[in-house]
Amino acid sequence: AQSVTQPDIHITVSEGASLELRCNYSYGATPYLFWYVQSPGQGLQLLLKYFSGDTLVQGIKGFEAEFKRSQSSFNLRKPSVHWSDAAEYFCAVGDPYSNSGYALNFGKGTSLLVTP
Amino acid sequence: SQTIHQWPATLVQPVGSPLSLECTVEGTSNPNLYWYRQAAGRGLQLLFYSVGIGQISSEVPQNLSASRPQDRQFILSSKKLLLSDSGFYLCAWSLLTATDTQYFGPGTRLTVL
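These protein sequences, in sequence, are chains A and B. Going by this note's numbering, the first residue of the first sequence is number 1, and it counts up by one from there. Going by this note's numbering, the first residue of the second sequence is number 1001, and it counts up by one from there.
These aren't lab readings, by the way, just hints derived from the structure by calculation. Keep in mind that the hints are not guaranteed to be accurate.
[Stated by the list, open to error] Pulled from the structure, derived: some chain A residues nowhere near chain B, Cβ distances all over 12 Å:
# : residue
1 : 4
2 : 27
3 : 44
4 : 49
5 : 88
6 : 94
7 : 104
8 : 105
[Claimed, not checked] Restricting the straight-line Cα-Cα distance to at most 30 Å, the calculated cross-link-like pairs of lysine-lysine (DSS-like) are:
#  : chain 1 : residue 1 : chain 2 : residue 2
9  : A       : 108       : B       : 1080
10 : A       : 61        : A       : 49
11 : A       : 68        : A       : 49
12 : B       : 1079      : A       : 108
13 : A       : 61        : A       : 108
14 : A       : 68        : A       : 108
[As the list claims (entries may be wrong)] Here are some, though not all, of the chain A residues that point toward chain B, as calculated from beta-carbon distances under 10 Å:
#  : residue
15 : 34
16 : 103
17 : 108
Glycine residues also receive a C-beta, built at the ideal position from the N, C-alpha and C atoms.
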């Protein structure tokens, strides 16, 4: 079964600094990959997704992610963080060959704190 | 456009009481529907998913159950709540293809005392 790991539980960055959130997955083939963001007490919002093609994916709110097959990674980046980016970020993996209703496997999340 | 609703937004229930959480989707037909539970520091755990009316699959054995009485309605229930049922419950939907994104509702915060 596929799995997804977000090694960093908490990350603190200064406003205006660059950001990289790590995501590693374990799967025999190329899975579908997603990044979601969750503000406190809210549902999850999709930032971006990768299914195939160009390995650099652009998302909403200025985020991008790069799929690296050799490293089994799908790291999320933003060149300049805004205070409003403070939230919980989840990486998720989908198995395109699964017969379990296309359910996603989520990482445990990375909590981002942005300091002035 | 599609929207997903969950209610109630917040719920406090005593141990042993019943539970009913509701999720409805508007603007689409025959969606896949999902119930997740989010506990602090543990990410999202898939509880149930449904690919059609009356079709429910359970991912984790527990004292919760789910039902889909209508195409765009998904209900999470329990006959007797446990303390461990506390958490943030999220409903999500996706279209019937493996490539589709899941879209999440605003969630229900359940506290069992």
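Hints and how they fare:
no.	hint	in the structure
1	4	violated, 9 Å
2	27	holds, 14 Å
3	44	violated, 4 Å
4	49	violated, 6 Å
5	88	violated, 9 Å
6	94	violated, 7 Å
7	104	violated, 6 Å
8	105	violated, 8 Å
9	108/A with 1080/B	holds, 28 Å
10	61/A with 49/A	holds, 14 Å
11	68/A with 49/A	holds, 14 Å
12	1079/B with 108/A	holds, 29 Å
13	61/A with 108/A	holds, 22 Å
14	68/A with 108/A	holds, 21 Å
15	34	holds, 7 Å
16	103	holds, 5 Å
17	108	holds, 4 Å
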